[in-house]
Amino acid sequence: MKKDIAIGGQAVIEGVMMKSQKGWAVAVRNPDGEITLKVEKFKKQSRLSKIPIIRGFFILLETLWLGMKAIDFSSKVVFKEEKSSPWSLALSLFMAFLIGILLFIVLPLYLTKLSGYFLEMVSTNSFIFNFVDGLLRVFIFIGYVFAISMWSQMRRIFAYHGAEHKTINAFESGESLIAENIGNYSRLHVRCGTSFIFIVLVISILVFSMIPSSWSFVLKAASRVILLPLIAGISYEILKLSAKWQDNIATKLFIFPGLIFQKITTKEPDTAQIEVACEALKAVLSLSEKEEKVNA
Numbered sequence: 001m002k003k004d005i006a007i008g009g010q011a012v013i014e015g016v017m018m019k020s021q022k023g024w025a026v027a028v029r030n031p032d033g034e035i036t037l038k039v040e041k042f043k044k045q046s047r048l049s050k051i052p053i054i055r056g057f058f059i060l061l062e063t064l065w066l067g068m069k070a071i072d073f074s075s076k077v078v079f080k081e082e083k084s085s086p087w088s089l090a091l092s093l094f095m096a097f098l099i100g101i102l103l104f105i106v107l108p109l110y111l112t113k114l115s116g117y118f119l120e121m122v123s124t125n126s127f128i129f130n131f132v133d134g135l136l137r138v139f140i141f142i143g144y145v146f147a148i149s150m151w152s153q154m155r156r157i158f159a160y161h162g163a164e165h166k167t168i169n170a171f172e173s174g175e176s177l178i179a180e181n182i183g184n185y186s187r188l189h190v191r192c193g194t195s196f197i198f199i200v201l202v203i204s205i206l207v208f209s210m211i212p213s214s215w216s217f218v219l220k221a222a223s224r225v226i227l228l229p230l231i232a233g234i235s236y237e238i239l240k241l242s243a244k245w246q247d248n249i250a251t252k253l254f255i256f257p258g259l260i261f262q263k264i265t266t267k268e269p270d271t272a273q274i275e276v277a278c279e280a281l282k283a284v285l286s287l288s289e290k291e292e293k294v295n296a
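The sequence shown begins at 1 in UniProt numbering and counts up one residue at a time.
Bear in mind the hints are in silico, worked out from the structure with no lab data behind them.
A portion of the hints provided could be inaccurate.
Result set (DSSO-like, lysine-lysine): computed pairs, CA atoms no more than 27 Å apart in a straight line [unchecked claim]:
1) K22 / K41
2) K41 / K80
3) K22 / K244
4) K22 / K76
5) K252 / K263
6) K240 / K22
7) K50 / K282
8) K240 / K267
9) K38 / K76
10) K244 / K44
11) K80 / K50
12) K240 / K44
13) K252 / K240
14) K267 / K282
15) K240 / K43
16) K267 / K38
17) K244 / K282
18) K76 / K252
19) K44 / K252
20) K22 / K44
21) K244 / K267
22) K76 / K43
23) K76 / K50
24) K38 / K282
25) K240 / K282
26) K22 / K50
27) K22 / K38
28) K263 / K240
29) K267 / K252
30) K263 / K282
31) K76 / K240
32) K282 / K80
33) K244 / K263
34) K43 / K267
35) K244 / K50
36) K282 / K22
37) K282 / K41
Being a predicted model, the structure only gives us computed values, none of them experimental.
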């Protein structure tokens, strides 16, 4: 199997989801200790998903949707819950998006507005206003992650996140997908969603700085939501470039904060958790193997 196949992933409840350009697979450790698998092949991708900048937003939406499906599957396996309907998943995704807007856009914007009553330069200078807004957004995000990391179940998910990264790093290094061989690989990865979020936070400061500080609170909040697809698109392209040029000194400095933050969002997994990640990766790689045999 070619090790240059682009692999992404996500930790779920007692499991790991892996995806490639061909499809996705999620492996979950059930209460009996066995690994349950779900594998799906992607339908033909839209041409829009191949256009730079634009593709970033489409890939983000796809990742969020797949993430919801994977978490729903893992919940069904672990807690014996019934599978959610597509409408239920869509509603859950919408609610998560709404909470994200309130927590990471409306709240920092409101706090920045309040600070303008005490610091005149915040209310009169567009760049300073948006810089303060961006810093508050970073602090709120860090606080949010620290808070959820206190939850024992989330710490297990973070360990599966570490297992996902170790397994992908091992695969990209040409290592055989055997759990015992993977434990020494890094639990940090340059293409991680955590790094993507940090890039989004930085790019948002630059993009939002173009919004006049004289605009009303509602206009500022609405413009931030409207500009999210552009910010996501730019951030995705930067993430791809940083993965391609990760040995460059400037790139290393740029991605360093995201990698450091992965120390929080990942934990050291045990061999059993790495085994689950291996099974998910093997399953998604099998989709490419089958296509190669068909095209041979």
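Going back to the hint list, which numbers does this structure go against? Violated hints (numbers, rising): 11, 18, 19, 23, 31, 34; every other hint is consistent with the structure.
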